[in-house]
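Just so you know, the sequences run in chain order A and B. Position one of the first sequence corresponds to residue 471 (this note's numbering), numbered consecutively onward. Position one of the second sequence corresponds to residue 56 (this note's numbering), numbered consecutively onward.
The set of hints was computed from the structure by calculation and includes no laboratory data. Hints are supplied without guarantee of correctness; some may be wrong.
To be verified - Each computed DSBU-like pair below joins lysine-lysine, with the alpha-carbon atoms no more than 30 Å apart: (1) Lys180(B) x Lys475(A); (2) Lys638(A) x Lys475(A); (3) Lys481(A) x Lys111(B); (4) Lys600(A) x Lys115(B); (5) Lys139(B) x Lys77(B); (6) Lys169(B) x Lys475(A); (7) Lys59(B) x Lys169(B); (8) Lys75(B) x Lys59(B); (9) Lys475(A) x Lys115(B); (10) Lys207(B) x Lys475(A).
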Amino acid sequence: MSTLKPEVSSKDHIEGSESASITIVEYGDYQCPHCAHAYPVIKEIQQTFGNQIRFVFRHFPLQESHELAFPAALAAEAAALQGKFWEMHDAIYENQYRLSEDLFEELAETIGLDVEQFQKDISADNLKEKVEDDFESGVRSGVNGTPSFYVNGTKFDGGPDELFEMLKESAE
Amino acid sequence: MLEKGTTAPDFELNATPDQKIKLKDFKGKNVILAFYPADWSPVCGDQMALYNEMLKYFSKHDAQMIGISVDSTWCHNAFQQDRKLHFPLLADFEPKGAVSKAYGVYDDEVGESKRALFVIDKEGKIAWSYLSPTAVNPGADGILDALEELEK
Numbered sequence: 471m472s473t474l475k476p477e478v479s480s481k482d483h484i485e486g487s488e489s490a491s492i493t494i495v496e497y498g499d500y501q502c503p504h505c506a507h508a509y510p511v512i513k514e515i516q517q518t519f520g521n522q523i524r525f526v527f528r529h530f531p532l533q534e535s536h537e538l539a540f541p542a543a544l545a546a547e548a549a550a551l552q553g554k555f556w557e558m559h560d561a562i563y564e565n566q567y568r569l570s571e572d573l574f575e576e577l578a579e580t581i582g583l584d585v586e587q588f589q590k591d592i593s594a595d596n597l598k599e600k601v602e603d604d605f606e607s608g609v610r611s612g613v614n615g616t617p618s619f620y621v622n623g624t625k626f627d628g629g630p631d632e633l634f635e636m637l638k639e640s641a642e
Numbered sequence: 056m057l058e059k060g061t062t063a064p065d066f067e068l069n070a071t072p073d074q075k076i077k078l079k080d081f082k083g084k085n086v087i088l089a090f091y092p093a094d095w096s097p098v099c100g101d102q103m104a105l106y107n108e109m110l111k112y113f114s115k116h117d118a119q120m121i122g123i124s125v126d127s128t129w130c131h132n133a134f135q136q137d138r139k140l141h142f143p144l145l146a147d148f149e150p151k152g153a154v155s156k157a158y159g160v161y162d163d164e165v166g167e168s169k170r171a172l173f174v175i176d177k178e179g180k181i182a183w184s185y186l187s188p189t190a191v192n193p194g195a196d197g198i199l200d201a202l203e204e205l206e207k
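Construct the entire structure; sequences and hints are all you get.
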């Protein structure tokens with residue numbers, strides 16, 4: 471059974487309460503259609519279970535198959551430097567159907583970032599490292615496709631819909 | 056299925072219509088053999104595409120990734136180009152499945168290789184092997200753990 475390595479820490483992008491009893495980690499790719507499908511399901515899970523759930527997103531861009539996946543991950547990290555990781559994360563998935571090299575700047579403006587700073591940050595080496603570290607942690611954790619989910623540190627063998635079902639069943 | 060400690064059976068298979076690859080060509084290097092059922096599985100993170108993204112982690116451990124299925128070299132070529140794969144795919148095509156059988160990972164019923172992984176050390180001995188359920192992509196954590204173990 472594959473387990474999450476390393477565990478969730480302050481380096482991660484975390485949404486939800488620290489006291490949540492369930493931590494869901496997603497390894498995702500911003501250009502992956504299956505991840506775009508997972509996006510609203512995760513939102514629904516968060517709405518249904520409220521502060522019982524903590525959600526973490528780690529980057530797993532498949533660069534050879536998705537050429538915009540890595541730049542998109544950098545855009546999210548650059549937004550994070552201005553405290554708006556989740557705003558960018560959401561905006562990218564909501565606009566995945568029109569993903570392009572130029573989209574990130576437009577989204578940066580829409581979510582209210584300092585666009586000049588954003589453009590400077592997006593090409594910084596340490597952002598690249600952050601995304602690559604996420605990817606490597608995914609490889610070590612047994613990610614076998616995107617999206618891959620971990621529930622309280624253990625790999626969940628299924629997609630977002632199965633994840634939602636499982637959570638509903640265990641809540642009953 | 057061949058287990059840890061066994062000498063990996065040598066083989067010679069076509070990587071392209073006019074290029075053959077022998078296992079012993081890689082002596083002095085670690086080798087990862089990934090047997091898989093077929094090219095063209097219809098998902099974006101399929102096993103070969105995934106390993107393609109991870110090649111730099113394998114090369115850190117001086118390991119060569121090799122994929123093997125019963126597809127022909129022409130099929131492999133098209134698949135390789137479509138998925139932009141940067142490692143060889145060998146055709147266990149004639150006699151069909153002979154190498155998969157030698158490693159004990161041939162599925163007689165469907166006539167395809169099972170989904171199986173072998174890490175072979177620099178002396179040609181099997182250091183780790185793993186048979187995955189056919190429908191489950193096994194990822195790469197087991198491979199990396201085995202390669203790390205070899206360096207200890």
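| So which of the earlier hints does this model not fit? | none
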